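Asks: So the protein lines, in turn, are chains A and B.
First residue of the first sequence: 0, per numbering that gives the first Met the number 0; consecutive thereafter.
First residue of the second sequence: 0, per numbering that gives the first Met the number 0; consecutive thereafter.
Keep in mind that the hints were calculated from the coordinates and are not lab data.
Note that this is a predicted model, so its numbers are computed, not measured.
Treat the hints with care, as some may be off.
Stated by the list, open to error - To give a feel for the contact side, a few chain A residues facing chain B, derived at Cβ under 8 Å:
hint : residue
1    : Asn-10
2    : Arg-13
3    : Arg-17
4    : Arg-81
5    : His-84
6    : Pro-90
7    : Glu-92
8    : Phe-260
What the hints assert, rightly or not - A short list of chain B residues far from chain A (calculated; beta carbon distances all over 10 Å):
hint : residue
9    : Asp-13
10   : Leu-119
11   : Arg-218
12   : Asp-247
13   : Thr-256
14   : Arg-261
15   : Val-270
16   : Ala-273
17   : Val-277
No residue lacks a Cβ here, since even glycine has one placed at the ideal position from N, Cα and C.
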Amino acid sequence: MTGRIWAIALNTFREAVRIRVLYGILVLLLGANLMSFVLGSMAATDSARVTSDVGLAGISLFGSLTAIFLGVFLLYGEVQRRTIHTIVSKPIERWEFVVGKYFGMALVLSVLVGAFSLAMFGILILKDVAITSSIIKAILMSWCEVLVVAAIAIFFSSFSTPFLSGIFALALWVIGRITPDLEAATQAASPVIRTITKVTLYIVPDLHLFAVSGRTVDGAQVSVHSDFVSWGYVGLSSLHALGWIAGLLALAGVLFSRRDFG
Amino acid sequence: MVDGAVAAVIEVTDLKKTYLTPFARRRVEALRGVTFSVEEGQIFGFVGPNGAGKTTTIRTLMGLIRATSGTAKLLGHTIPSRAARQRVGFLPEAPYFYDYLTVPELLDLAGRLFGVPSALRKKRADELIERVGLARARSQSLKKFSKGMLQRAGLAQALMNDPELVVLDEPMSGLDPIGRKEVRDLIVSLREAGKTVFFSTHILSDVEAMTDRVAIIARGALQTTGTPAELVAKTILGVDVTVRLPADQELGDLAATAKNVRRSGEEISLVLPAAADVDAWIAQAHTIGAKIVQVSPRHETLEDLFLREIAAADRSAAATEGRT
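Here chain A stands alone, though its shape is the one from the complex (with noise of 0.2 Å):
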């Protein structure tokens, strides 16, 4: 089972390192920390704030909008280009497929997230500000972010096409990123609407908890900048990610096993 799940993941890796726009991407994220490299030299005051800031943002919005690119396009283009027939026609499982496409995905986008960490602890050291486990700690959780934004596309790729698996993932992505502010808006709305935001937040991946930074956790004000979030924290943000990720990607496997490849 391994060996074919790895399998899949080695060529999903091979095909999208193939991608020319995933190059762009890249230059885009070298390019936003160059801008934090920038702004954060205009700043009147604390410019290492603004270099972290900045590159923390960059990973997780180009890290999860690539997470839906690759999702999206990657699966349903094995279906479109009808390269499926020759595998799905060896001994594997059609979950096992979706796994190792994922896993291949995954590892395409850990690499990136590592570049684009990498770029960020160069213009750290550069400003010489030291790289704190606060830091290490917010990248994990984009990591973790990203991952989960993988699976959401995944999930949707099984069964829809990609304008509109594109179009749910990122639905998803925004409302999974403001469920606090979501649920604090319509704290005073009509039953209804409370009830049918409380449903909406059950069933939409909480994103916000791997973007905390500034906000309030059990009750207290944490920054990435001063007091952060515990390694217990991560810890449990990171389960949370695995049951998602584990949760979408049986529900892609079970909806992709009932396709026709006609």
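Assemble chain B onto chain A, guided by the hints.
Replies: Same frame as chain A, but now just chain B:
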């Protein structure tokens, strides 16, 4: 299994597949109760015009699409079966592969999916690349391959697991005459190695050249099945006769019972109807001084049979549509 009986490698029973069109929700019956079996060690030709249901049947067997009803077994396993697919090699119709891979990389991927150990994977890939004639293109990406080369690469990946059953959907498609001959030879060599080959085609000469059994499918239903000899030997269409007669002499009444009478100098060729009394005709020809050069019964060819079966299926479908 009874001693001495040959095992059925493929058993298809009353297989049906119905699609609903996306917007009109109209029912399209791609397969309408297909039943046949393929015995071990045979080359089985699955013949039909475009849209007959060949590819739908094959894709159902390989687990790419699900049958609406009916059953099918591959190597004794009810489909879809991973255990069966482990022992089957499959070449899809007009195969599409990852165009960024080279042939060795494609075969390595196929080998990994079949769970072939690393050393054997490399050895088998090298052998197959030689066997399908792609040795000189082994470092090229599949993107640069011609249709015929892709077909060869597809055949190689179908054999990576040293399968007991090889299912080929239009394997000669896109190949030039030499390529077709090579694929035919490859298929025959697979049978010689004890493998069963099930292939679809609409090229009848390929079927006549190498199959042990043939099934003709049209409009989603099986029309007939049997060995090529059984199928075409059933019917005599007429008797080809060639006689020699002096140039100033005519056949007279003898020509009245014949068709397609053609004369070239002293030689006259004609076709007697299947029901004609050939012996009496020859005896009468002798009386007018004709010398018999050749008498041979004209059997139905596979092409005649194919066209007849397709026409019958079309008439049947038209009658059904007329009633509804």
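Asks: All hints are to be evaluated individually against the structure, with a verdict given for each.
Replies: A quick look at each hint next to the structure:
no. : hint    : result
1   : Asn-10  : holds, 6 Å
2   : Arg-13  : holds, 7 Å
3   : Arg-17  : holds, 5 Å
4   : Arg-81  : holds, 4 Å
5   : His-84  : holds, 4 Å
6   : Pro-90  : holds, 4 Å
7   : Glu-92  : holds, 6 Å
8   : Phe-260 : holds, 4 Å
9   : Asp-13  : holds, 19 Å
10  : Leu-119 : holds, 14 Å
11  : Arg-218 : holds, 17 Å
12  : Asp-247 : holds, 68 Å
13  : Thr-256 : holds, 53 Å
14  : Arg-261 : holds, 50 Å
15  : Val-270 : holds, 46 Å
16  : Ala-273 : holds, 44 Å
17  : Val-277 : holds, 52 Å
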